[in-house]
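First to last, the protein sequences are chains A and B. Final position of the first sequence in this note's numbering is 369; the numbers increase by one with none missing. Final position of the second sequence in this note's numbering is 229; the numbers increase by one with none missing.
Simulated from the structure, these hints should not be mistaken for laboratory data. Every value quoted in this text rests on a predicted model; they were computed, and no experiment measured them. Check the hints yourself; a few may be wrong.
A short list of chain A residues far from chain B (calculated; beta carbon distances all over 10 Å) [as the list claims (entries may be wrong)]: (1) 8; (2) 51; (3) 123; (4) 185; (5) 191; (6) 194; (7) 205; (8) 243; (9) 245; (10) 267; (11) 270; (12) 284; (13) 294; (14) 313; (15) 336.
Taking lysine-lysine pairs in the DSSO-like style, the calculated list, with each CA pair at most 27 Å apart, reads [what the hints assert, rightly or not]: (16) 350(A) <-> 265(A); (17) 119(B) <-> 10(A); (18) 39(B) <-> 10(A); (19) 43(B) <-> 119(B); (20) 38(B) <-> 119(B); (21) 273(A) <-> 23(A); (22) 105(A) <-> 119(B); (23) 10(A) <-> 38(B); (24) 350(A) <-> 291(A).
We put the beta carbon where it would ideally sit given N, CA and C, even for glycine.
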Amino acid sequence: MSLNVDIQSKLGAFELDVQLRTKAGTTVVFGRSGSGKTSLINAIAGLTTPDQGRIAFRDTVLFDAQSGVHVPSHQRRIGYVFQNARLFPHLSVSQNLDFGARFAKEPLSVAERRQMIDTLGIEALLNRRIAALSGGEQQRVALGRALLSVPRLLLMDEPLAALDTARKQEILPYFERLHAQGGPPMIYVTHDMSEIVRLADNILVLRDGRSVVGGTVEDVLADPANVKLIGVQDAGALVQGIISGHEADGLSTIDLSAGQLHVPKIGAPVGAKVRMRIRAQDVILSVSEPKDLSSQNILRARITEIQTGEGPSVAIALRTGSDRLLARITRRALAQMQLEVGQEVWAVLKANAVPPSAIARSENNGVVA
Amino acid sequence: MLSAAELAIVALSLQIALLATVVCLPFAIATAWLLARKKFYGKPLLNIVVHLPLVLPPVVTGYALLILFGKQGPIGGMLETFLGITFAFRWTGAALAAGIMGFPLMVRAIRLGIEAVDKGLEDAAATLGASRSAVFLHVTLPLVTPALLAGTVLGFAKAMGEFGATITFVASIPGQTETLPSAIYTLLQVPGGEDAALRLILLSVAVSILALAVSEVLARRAARKVAGL
Numbered sequence: 001m002s003l004n005v006d007i008q009s010k011l012g013a014f015e016l017d018v019q020l021r022t023k024a025g026t027t028v029v030f031g032r033s034g035s036g037k038t039s040l041i042n043a044i045a046g047l048t049t050p051d052q053g054r055i056a057f058r059d060t061v062l063f064d065a066q067s068g069v070h071v072p073s074h075q076r077r078i079g080y081v082f083q084n085a086r087l088f089p090h091l092s093v094s095q096n097l098d099f100g101a102r103f104a105k106e107p108l109s110v111a112e113r114r115q116m117i118d119t120l121g122i123e124a125l126l127n128r129r130i131a132a133l134s135g136g137e138q139q140r141v142a143l144g145r146a147l148l149s150v151p152r153l154l155l156m157d158e159p160l161a162a163l164d165t166a167r168k169q170e171i172l173p174y175f176e177r178l179h180a181q182g183g184p185p186m187i188y189v190t191h192d193m194s195e196i197v198r199l200a201d202n203i204l205v206l207r208d209g210r211s212v213v214g215g216t217v218e219d220v221l222a223d224p225a226n227v228k229l230i231g232v233q234d235a236g237a238l239v240q241g242i243i244s245g246h247e248a249d250g251l252s253t254i255d256l257s258a259g260q261l262h263v264p265k266i267g268a269p270v271g272a273k274v275r276m277r278i279r280a281q282d283v284i285l286s287v288s289e290p291k292d293l294s295s296q297n298i299l300r301a302r303i304t305e306i307q308t309g310e311g312p313s314v315a316i317a318l319r320t321g322s323d324r325l326l327a328r329i330t331r332r333a334l335a336q337m338q339l340e341v342g343q344e345v346w347a348v349l350k351a352n353a354v355p356p357s358a359i360a361r362s363e364n365n366g367v368v369a
Numbered sequence: 001m002l003s004a005a006e007l008a009i010v011a012l013s014l015q016i017a018l019l020a021t022v023v024c025l026p027f028a029i030a031t032a033w034l035l036a037r038k039k040f041y042g043k044p045l046l047n048i049v050v051h052l053p054l055v056l057p058p059v060v061t062g063y064a065l066l067i068l069f070g071k072q073g074p075i076g077g078m079l080e081t082f083l084g085i086t087f088a089f090r091w092t093g094a095a096l097a098a099g100i101m102g103f104p105l106m107v108r109a110i111r112l113g114i115e116a117v118d119k120g121l122e123d124a125a126a127t128l129g130a131s132r133s134a135v136f137l138h139v140t141l142p143l144v145t146p147a148l149l150a151g152t153v154l155g156f157a158k159a160m161g162e163f164g165a166t167i168t169f170v171a172s173i174p175g176q177t178e179t180l181p182s183a184i185y186t187l188l189q190v191p192g193g194e195d196a197a198l199r200l201i202l203l204s205v206a207v208s209i210l211a212l213a214v215s216e217v218l219a220r221r222a223a224r225k226v227a228g229l
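Looking at chain B on its own, in the form it has when it is part of the complex:
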């Protein structure tokens, strides 16, 4: 079956993707809500910045992260000095890169969901005495559940498969930042590594199919509930 080294790679990949998705989700919801419901100065700019990682070559995003969040970088330096958080060449850095790359996908899916919510239902909740935050919590958010799930799955899948930005930002250090894609890439660079690479490839296919199947079941359940069935 799986060797300890292979298991470690899968575990690390899951750990990185989970952290990236969980941390990104609240920010993605807030950003999606701003873009869907609010009019404010600089909204087009925010829209562009959020979508940049989607259109930039990943290696550019990774390099930008290295400049900003590296030990000498303006943000990375401050975080290290004041909070003791290091991103460069750590698994947390891999999670940061994976999160940034998945963020626009999450925002897009959730934003579409929020835009599809009937504002009339939110008005109805307000006349029943619900404050704006209560309306969001009890009406908007539950009605967005399918989009939330879709966004989360997309973000998670992107985080699991992220390669370019991750390898640029945190390299591929076994046990620290070596994820499934970077391990596969490394193996393919070595003569005779194809067999070991194939095992990891099949493994990543299995993880992806499992994640999709689970999300499909959850999404169906949520869609039925939101439709009032």
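The shape of chain A in the complex, shown without the other chains:
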């Protein structure tokens, strides 16, 4: 157990009441704006003091309201990458990078520093002034600056939110690489599903200042009870696969545990393990084997759970081989098809339902690399 948070705070009319226990790897804190995500990580960083509760990291108590412990930010060794970079405008890029190193007990060696700068692709920027950097470059420098202070834990507050899609796709690989190279555990705040697919090992969902669901990202996203919480547009399970071919017609084939998917061409070699999100609303169910369909992606699946709510739609959990799927169909369709738990069905999805942004390369156990 690395980070253990249980805090309560009242900020005007807003009440924060969050419990968080992280394991190794990246924990994504997910929720709409105003759900308390930033308040939570500000408290972990020591930038704010909660009214009640306790924050402990490994064997160190960072905050305990009862015994009056409040370790100041600068002694916590918790790195923080802010949404808007917050680089020091009066310093150059390399001075920004080295700002934290002088306070670190064991700063990185010259070789490690060079390796870090290389990984982040910021070597050419070192002598630039901050105002001459693009948004994406600023975030990469901010990440490097945080890492060079040798933090034990890294907090990221929607570091890509201020960037356009192209810039996001440019930076995400750096975050993934960092993760793969054994960087510090991360708490990553976002409301962007594509970042979750690519980075999350665990997820904590916040709503109105409360932590409502937590667990491995696979479990949380595959649970039909969470569809409303995640958002009906965004909900969808993660599946694992291996790229088995790139076709001349612009499609890539991915082998799943129980079938094949054909998706728009992805930029990873044959044999690469991938993890992808299949949105519940893109999955169509059929009780008989569908023929003469335009879709090439048909998977045999078994219904494991049917979650009816108050709205007109129903969330259905499916198992296909060792993977789980979620489907969202109308209440009327459920009644007409007479679907039941345990029933065998065919799940159909369009090739375009899995865009490249919903696919990430992965290594063992869904750890993104």
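Once you've looked at the hints, dock chain B against the given chain A.
Then chain B, alone, in the frame of chain A:
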């Protein structure tokens, strides 16, 4: 060109204004920081006391200095007895008067600068391991440089031009407390002194323009740097 007497007056004026500004600056920074960033009991009172010299008639401030820092004054007496420092009718007294009069201007400029510093940058520095004093030294202070320069120039200009409080507190003794403004005033009181006064007036205009020009160049450079350019 300039006579020895005129040169001496300019030199003394510069000496007084420089001492006043240099000694005041750290106190002005500390006061500005307190007023900009801290909440404490008596803060409105401190604010008023700091600004008093700005609104009081200078002659009142000068008289107050005479009462407090004169040889028989409570503070002046102690300083003389224990430290051997005399303010009354000395150039140091002129510097004290000039400093007190310039102080509120310095505090105001620096306070505005500190209030304009993005607290988010200070938070970022703290998460990078910088203690509060390190944050102040490495982030807040450099970002306040333009305001610091502006405050220093204002304080220096005020000190160079100070007249009312100075003449009340330390009079106008040639070679000791006679600054440019008091020398000009003295000359204007004498019949036929206008020509000599005009020379000093032009001189003080030249010194002022030079100081402004230098500060403008420095301020631009600092503003560019702070903006990350």
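Verification of the hints:
1. Remark: the non-interface label on residue 8(A) is consistent with the geometry, its nearest Cβ contact in chain B lying 22 Å away (cut-off 10 Å).
2. Taking the minimum C-beta to C-beta distance to chain B, about 19 Å, the non-interface status of residue 51(A) holds against the 10 Å cut.
3. Every Cβ of chain B is farther than 10 Å from the Cβ of residue 123(A); the closest lies at roughly 20 Å, confirming the non-interface assignment.
4. Distance check on residue 185(A): its Cβ is at least 16 Å (rounded) from any Cβ of chain B, clearing the 10 Å threshold; non-interface status holds.
5. Non-interface call for residue 191(A) relative to chain B: holds, since the shortest CB-CB distance, roughly 21 Å, exceeds 10 Å.
6. Consistency note on residue 194(A): stated as away from chain B, and its beta-carbon is indeed over 10 Å from all of that chain's, at 27 Å minimum.
7. Interface exclusion of residue 205(A) from chain B stands, the closest Cβ pair being 25 Å apart, more than 10 Å.
8. No beta-carbon of chain B is positioned within 10 Å of the beta-carbon of residue 243(A); the least distance is around 39 Å.
9. Every Cβ of chain B is farther than 10 Å from the Cβ of residue 245(A); the closest lies at roughly 46 Å, confirming the non-interface assignment.
10. Every Cβ of chain B is farther than 10 Å from the Cβ of residue 267(A); the closest lies at roughly 34 Å, confirming the non-interface assignment.
11. The beta carbon of residue 270(A) is kept farther than 10 Å from every beta carbon of chain B, the shortest such distance being approximately 42 Å.
12. Taking the minimum C-beta to C-beta distance to chain B, about 47 Å, the non-interface status of residue 284(A) holds against the 10 Å cut.
13. Non-interface call for residue 294(A) relative to chain B: holds, since the shortest CB-CB distance, roughly 51 Å, exceeds 10 Å.
14. Annotated as non-interface, residue 313(A) keeps its C-beta farther than 10 Å from every C-beta of chain B; the closest such distance is 42 Å.
15. Distance check on residue 336(A): its Cβ is at least 56 Å (rounded) from any Cβ of chain B, clearing the 10 Å threshold; non-interface status holds.
16. For the suggested pair residue 350(A) and residue 265(A), the alpha carbons sit about 14 Å apart, so the restraint of at most 27 Å is met.
17. Between residue 119(B) and residue 10(A) the alpha-carbon distance is near 22 Å, which keeps this suggested pair within the 27 Å criterion.
18. With a C-alpha separation of about 21 Å, the suggested pairing of residue 39(B) with residue 10(A) holds against the 27 Å cut-off.
19. Annotation: proposed proximity of residue 43(B) to residue 119(B) holds, straight-line Cα distance about 21 Å (limit 27 Å).
20. As the CA atoms of residue 38(B) and residue 119(B) are separated by approximately 13 Å, the hinted pair is consistent with the 27 Å bound.
21. Under the criterion of a C-alpha separation no larger than 27 Å, the hint pairing residue 273(A) with residue 23(A) is consistent with the structure, at around 23 Å.
22. With a C-alpha separation of about 25 Å, the suggested pairing of residue 105(A) with residue 119(B) holds against the 27 Å cut-off.
23. A C-alpha spacing of about 22 Å is found between residue 10(A) and residue 38(B), which places the hinted pair at or below 27 Å, so the restraint holds.
24. The hinted pair formed by residue 350(A) and residue 291(A) meets the criterion: a straight-line CA distance of about 14 Å does not exceed 27 Å.
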